[in-house]
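> Chain by chain, the residues:
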Amino acid sequence: MTFLGLPTAPPGVGHLRAPEPFPAAARQALADSQLRGNLRRATATIRAKRARVVGELPDWEELRAAGEEIKTATMARLDSYLEQLEEQVAARGGTVHWARDATEANAIVAGLVRDAGATEVVKVKSLATDEIGLNEALAAQGIAAYETDLAELIVQLGDDWPSHILVPAIHRNRAEIREIFLREMPDADPGLTDDPPALAEAARLHLRRKFLSARVGISGANFAIAETGTLCVVESEGNGRMCLTLPETLITVMGIEKVIPTWADLGVFLQLLPRSSTGERMNPYTSMWTGVTPGDGPRQFHLVLLDNGRTAALADATGRAALHCIRCSACLNVCPVYERVGGHAYGSVYPGPIGAVLSPQLTGVESNPTLPYASSLCGACYDVCPVKIDIPSILVELRARHVEEARHDHRVPRPEAITMAAAAWVMASGGRYQAAQRAARAGRALGRGGRIRRLPPPLAAWTSARDAPVPPAMSFRQWWRQEHQNRVDDKGGRA
Amino acid sequence: MRIALFVTCLADTLFPDVGKATVTLLERLGHEVDFPEAQTCCGQMHVNTGYQRDALPLVRRYVEVFERGYDAIVMPSGSCAGSVRHQHAMVARRCGDELLARRAEAVARRTYELSELLTDVLGVEDVGAYYPHRVTYHPTCHSLRVLRVGDRPLRLLRQVAGLELVELPDADVCCGFGGTFAVKNADTSTAMLADKMRNVLGTRAEVCTAGDSSCLMHIGGGLSRLRTGIRTVHLAEILAATRSGGVG
Numbered sequence: 001m002t003f004l005g006l007p008t009a010p011p012g013v014g015h016l017r018a019p020e021p022f023p024a025a026a027r028q029a030l031a032d033s034q035l036r037g038n039l040r041r042a043t044a045t046i047r048a049k050r051a052r053v054v055g056e057l058p059d060w061e062e063l064r065a066a067g068e069e070i071k072t073a074t075m076a077r078l079d080s081y082l083e084q085l086e087e088q089v090a091a092r093g094g095t096v097h098w099a100r101d102a103t104e105a106n107a108i109v110a111g112l113v114r115d116a117g118a119t120e121v122v123k124v125k126s127l128a129t130d131e132i133g134l135n136e137a138l139a140a141q142g143i144a145a146y147e148t149d150l151a152e153l154i155v156q157l158g159d160d161w162p163s164h165i166l167v168p169a170i171h172r173n174r175a176e177i178r179e180i181f182l183r184e185m186p187d188a189d190p191g192l193t194d195d196p197p198a199l200a201e202a203a204r205l206h207l208r209r210k211f212l213s214a215r216v217g218i219s220g221a222n223f224a225i226a227e228t229g230t231l232c233v234v235e236s237e238g239n240g241r242m243c244l245t246l247p248e249t250l251i252t253v254m255g256i257e258k259v260i261p262t263w264a265d266l267g268v269f270l271q272l273l274p275r276s277s278t279g280e281r282m283n284p285y286t287s288m289w290t291g292v293t294p295g296d297g298p299r300q301f302h303l304v305l306l307d308n309g310r311t312a313a314l315a316d317a318t319g320r321a322a323l324h325c326i327r328c329s330a331c332l333n334v335c336p337v338y339e340r341v342g343g344h345a346y347g348s349v350y351p352g353p354i355g356a357v358l359s360p361q362l363t364g365v366e367s368n369p370t371l372p373y374a375s376s377l378c379g380a381c382y383d384v385c386p387v388k389i390d391i392p393s394i395l396v397e398l399r400a401r402h403v404e405e406a407r408h409d410h411r412v413p414r415p416e417a418i419t420m421a422a423a424a425w426v427m428a429s430g431g432r433y434q435a436a437q438r439a440a441r442a443g444r445a446l447g448r449g450g451r452i453r454r455l456p457p458p459l460a461a462w463t464s465a466r467d468a469p470v471p472p473a474m475s476f477r478q479w480w481r482q483e484h485q486n487r488v489d490d491k492g493g494r495a
Numbered sequence: 001m002r003i004a005l006f007v008t009c010l011a012d013t014l015f016p017d018v019g020k021a022t023v024t025l026l027e028r029l030g031h032e033v034d035f036p037e038a039q040t041c042c043g044q045m046h047v048n049t050g051y052q053r054d055a056l057p058l059v060r061r062y063v064e065v066f067e068r069g070y071d072a073i074v075m076p077s078g079s080c081a082g083s084v085r086h087q088h089a090m091v092a093r094r095c096g097d098e099l100l101a102r103r104a105e106a107v108a109r110r111t112y113e114l115s116e117l118l119t120d121v122l123g124v125e126d127v128g129a130y131y132p133h134r135v136t137y138h139p140t141c142h143s144l145r146v147l148r149v150g151d152r153p154l155r156l157l158r159q160v161a162g163l164e165l166v167e168l169p170d171a172d173v174c175c176g177f178g179g180t181f182a183v184k185n186a187d188t189s190t191a192m193l194a195d196k197m198r199n200v201l202g203t204r205a206e207v208c209t210a211g212d213s214s215c216l217m218h219i220g221g222g223l224s225r226l227r228t229g230i231r232t233v234h235l236a237e238i239l240a241a242t243r244s245g246g247v248g
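If you read the sequences in order, they're chains A and B.
If you're matching positions, the first sequence starts at 1 in the numbering used here and goes up one per residue.
If you're matching positions, the second sequence starts at 1 in the numbering used here and goes up one per residue.
Don't read these hints as lab results, they were simulated from the structure.
In this text, all values refer to a predicted model and were calculated from it rather than measured experimentally.
Glycine included, every Cβ here is placed at the ideal spot set by N, Cα and C.
Be aware that a few hints might be false.
[Unchecked claim] Which chain B residues face chain A? A few, computed with CB under 10 Å, are given here: (1) Gly176; (2) Phe181; (3) Ser189; (4) Thr190; (5) Ala191; (6) Met192; (7) Leu193; (8) Met217; (9) Gly220.
Given these sequences and hints, build the entire structure.
Below is the structure:
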C-alpha cells in the first residue's frame with residue numbers, strides 16, 4: 001500500500017493499545033465506586049472553572065477558529081516546518097534526532113543519557129515519553145527516571161498509570177496518596193497527614209534532592225516554534241522549570257505535530273490552553289528555551305522528533321484533525337463516558353474522547369477496534385475543544401473504516417454486519433419495511449403491563465437495566481391510511 | 001404551507017402517538033400535512049455504527065421521496081434531523097456520489113426538527129396547547145449540539161397552558177442512549193442513565209419530555225424498570241394536547 005507514492009508510514013508502538021476491549025475495561029472501572037466519586041468531583045470542579053474563565057473572553061470563538069486555522073495550515077506543510085525547526089535548533093547549538101517510532105526514540109534517549117555518563121534522570125511531565133514507555137526502556141538499561149510533576153510522581157510511586165492527561169492521578173484521593181507516600185518514599189515523615197499542603201511539602205522535600213543531583217533532564221514539549229527553534233513547556237508547579245534549567249544535559253522528546261510556525265501563533269495557543277485545561281487565565285510557569293546559552297542552563301540540548309504513527313494519521317483527510325490536539329483535556333472533563341469509567345479503561349496514555357480518536361489512528365484501527373465505539377456521540381467534546389476538533393465526526397469515520405477493514409479481512413461477515421445489511425435491505429423498500437413492522441408487532445407477546453422486561457439477544461443488554469416498549473397494535477402508517485384514506489395520493493402510495 | 005412528515009422509523013413502529021400528535025398539531029395550526037408512504041429510515045443507525053455503505057440506499061430514498069412537492073419536511077426527532085442535515089451528503093460523498101450529495105444538501109435545507117419548524121418557519125410559540133402537569137425537559141444531545149435548537153423547545157413549553165415547567169439539573173448531559181452504544185457499551189450506558197434518572201427524580205416532575213423518541217425510550221425504559229411512576233412524553237404530544245384532549 002502506498003499513499004501518494006510514498007511507503008506507508010509505520011504504526012505507532014508503545015502505550016497506545018488497549019490490552020482488553022473497552023466495554024470489559026469499563027465494566028471493571030464502573031464497579032469501583034471510589035473511582036467514580038473521585039472522578040465526578042474532580043471533573044465537575046474543572047468543568048466549572050473552565051466555563052467561568054472561557055465565559056470571560058468575548059472573542060473565545062474567534063480564538064478557537066484561529067487555533068484551528070493555524071493547526072490546519074501547519075499540518076498541510078508539516079515537513080517544511082519540521083525542517084525549519086531542525087535548522088534553527090542546530091543553528092543555536094542544539095542537536096535534532098528523528099525517531100520513526102517508540103523503539104527508536106527510546107534507544108536514542110538511552111544512548112544520550114549513557115553518553116552523559118548518568119544513571120539517573122529527572123523528568124518533566126510528558127505524555128510523549130509516557131506514550132513511548134521511556135521510563136521502562138531506561139530502567140532496562142539501568143537508568144532510573146524520576147517523575148517530578150506531583151501527580152506523575154504519585155502515579156510512578158504507586159506503580160500505576162496516569163488516568164487523565166492533565167491530572168494523571170485524578171483517580172486517587174488524598175488518603176490513597178498519603179498511603180503511597182508513606183510506603184514508597186523512604187524520606188517521608190512517618191507522621192504525615194493527608195492534608196494537601198503536608199502532602200505537597202513531603203513531595204517537595206523528596207524531589208529537591210533529585211533536582212540538585214541529576215545531570216540529565218528529560219521533557220516533552222507543548223509547542224516548538226519553527227521560526228526560531230524555540231521550545232515551550234507550560235506547567236503549574238515549577239518542577240518542570242527545575243528540570244529544564246538545572247541539569248547539564250536536556251533531552252526533549254516531542255511528537256512531530258507539536259511544531260507551530262511563529263511566535264504570533266504561540267500567542268493564540270497560550271490564550272487557549274490554560275483556560276481550557278486548568279481553567280486558569282494563565283498557567284503559573286511558561287518556560288521557553290532556544291538551543292543552548294553559554295553560562296546559563298543546560299550545556300547540551302537534544303531534541304528527539306517522534307513520529308510513532310503520526311505520519312500515518314496525517315494521511316487521512318478526516319482523521320488528521322486529531323493531530324491538532326494541544327492536550328488541554330477539556331474533552332475528558334466534559335465527557336459523560338470518561339467521567340464514569342476514568343482513563344485506564346481506554347488502555348492508552350491518551351484517554352477520553354481525544355484518545356478514542358487519536359490512539360486508533362496512531363496504532364491503526366485494526367489493533368484498537370473498540371475505542372471508536374467508546375462514545376455515545378453526544379458532542380460535548382467538540383463544543384469545548386479549543387482547536388475545534390470535530391471528534392464525533394472522526395469517531396464516525398473511524399467506525400466506518402473499522403467496518404470496511406473487517407469486511408475486507410473476514411470471508412464470513414460478522415453477525416453485526418449481517419444485521420446491519422439486513423436492516424438496510426428492509427429499510428430500502430417500503431414493502432419489506434412494512435413486513436418487518438408486522439414482525440415487530442409479534443413482539444407484543446413479550447409484553448406485560450405495557451412493558452417488555454426481557455428481550456432476546458442481541459438486544460438482551462438493553463433489558464438488563466431498562467424495560468422496552470411493547471409494539472403498538474397499529475403502526476403510524478396504518479393509522480395514517482385509516483384516517484386519510486381519501487387523501488392518499490399516488491405519489492405517497494407507491495410503497 | 002405544505003409540510004411533509006418524516007415520522008422516523010422508530011416513531012412509526014413503536015411510538016405512533018408521536019406521529020399522530022405532530023399531524024394533529026400542524027393541522028390545528030392550519031397547515032396541510034402529507035405523509036409520503038414510501039419513506040422508511042434516515043439511516044443514522046447505520047452511519048453511526050460504521051455501515052455507511054449500507055446507509056447509501058436510505059439516503060437516496062429520503063432524497064427521492066422528499067425532494068419535490070413540499071415547502072418543508074418536519075420530523076419529531078432532533079437526532080434524525082441532525083442525520084439528514086449533517087450526514088446524508090457526507091455518506092453520498094464517501095460513496096463517490098457527488099450528484100446525490102448535492103441533492104441531499106438541497107433537501108436538508110428544507111428539513112426541520114419540530115421545534116425549529118414551529119418557531120423559525122411557522123413563527124409560533126403559543127400553539128394553543130393545554131397540559132396540566134409538572135414537566136421537566138431533557139434537551140437531547142443531537143438537538144442541542146448538532147442542530148443547535150437552543151431554547152426553542154422551552155419557549156414552546158412555556159406557552160402551554162397549565163404546564164408547570166421544572167428545570168432539570170445537568171440537563172445537557174447525555175442520557176447514555178447513543179444508538180448502538182446502549183448495547184455495545186451497555187454498562188457505561190446504564191451508568192449514564194442512572195445519573196440522568198436521579199436528576200429527573202429530583203425534579204419531582206410527573207412527566208419527562210424531550211424532542212426525541214429514542215432518548216425517551218431509553219430514559220422511560222429505566223424509569224419504568226424502577227417503577228418510578230414518572231412518564232416520558234414526547235414534546236409533540238404535549239404541544240398537541242388541548243382542553244378537549246386533542247391527540248390522535
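> Decide, hint by hint, whether the structure agrees.
Checked hints:
Taking 10 Å as the C-beta cut-off, the interface hint given for Gly176(B) holds, the closest approach to chain A being about 6 Å. With a least beta-carbon distance of about 5 Å to chain A, the hint placing Phe181(B) at the interface is held under the 10 Å criterion. Interface restraint check: Ser189(B) against chain A, minimum CB-CB distance 7 Å, threshold 10 Å, status holds. The interface hint given for Thr190(B) holds, since its Cβ lies 4 Å from the closest Cβ of chain A, which is under the 10 Å cut-off.
Interface restraint check for Ala191(B): the shortest CB-CB distance to chain A comes to about 5 Å, inside 10 Å, so the restraint holds. For Met192(B), the shortest C-beta to C-beta distance to chain A is roughly 5 Å, which falls under 10 Å, so the interface hint holds. Here the hint on Leu193(B) is kept, as its CB sits about 7 Å from the closest CB of chain A, short of 10 Å. A cut of 10 Å between beta carbons decides the hint on Met217(B): the least distance to chain A is about 6 Å, and the hint holds.
At about 8 Å, the closest approach between the beta carbon of Gly220(B) and any beta carbon in chain A falls short of 10 Å, and the interface hint on this residue holds.
Of the numbered hints given earlier, the model fails none.
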